Amino acid sequence: MTDDDRKPPIRRPSYGPVRRMLKLIVEIDSSRFLGNRLGAAVLLVGVLAVFAGVGYGLPALISHYFQN
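Position 27, counted from 1, in the sequence shown is what full-length UniProt numbering calls 27; the numbers after and before it change by one each time, with no gaps.
Think of the hints as simulated: they come from the structure by calculation, not from any bench. All values derive from a computational prediction rather than experimental measurement. Certain hints may be false.
Pair by pair, the computed Cβ-Cβ distance ranges are [what the hints assert, rightly or not]: (1) R20 with P59: 23 to 31 Å; (2) P17 with P59: 19 to 27 Å; (3) I10 with R37: 29 to 37 Å; (4) V50 with R12: 23 to 31 Å; (5) V54 with R12: 42 to 50 Å.
Here a beta-carbon is modelled for each residue, glycine too, at the ideal position from N, C-alpha and C.
With the sequences and hints as input, model every part of the structure.
Have a look at this one:
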């Protein structure tokens with residue numbers, strides 16, 4: 001066996017959802033390309049809209065369930 005055969009494969013770190021969200025915010029602010037900035041901004045607004053929908057809709061469904 002050579003030294004190349006003994007080396008473990010390079011592991012890429014997995015990114016969690018919080019880190020990906022922070023990367024989107026940084027990309028909006030610091031990307032050189034307007035397309036990347038707009039894409040990251042639209043994706044971030046979409047994620048925030050989903051959170052807002054769940055934050056409003058879930059309590060509304062629960063209160064509707066308990067009122068009936």
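**Request:** Could you check the hint for me, namely that P17 and P59 are 19 to 27 Å apart, CB to CB?
**Result:** holds, 22 Å
**Request:** Take the C-beta atom of V54 and the C-beta atom of R12, compute their distance, and say whether it sits inside 42 to 50 Å.
**Result:** Taking Cβ atoms as reference, V54 and R12 lie about 30 Å apart, which means the hint is violated.
**Asked** Within 23 to 31 Å or not, the Cβ separation of V50 and R12?
**Response** Because 27 Å falls inside the window, the suggested range holds.
**Request:** Look at the Cβ atoms of R20 and P59 and judge whether their distance stays inside 23 to 31 Å.
**Result:** Because 26 Å falls inside the window, the suggested range holds.
**Message:** Looking only at beta-carbon atoms, does the pair I10, R37 fall within the given range of 29 to 37 Å?
**Reply:** holds, 30 Å
Violation of the numbered hints given earlier is confined to hint 5; every other hint is satisfied by the structure.
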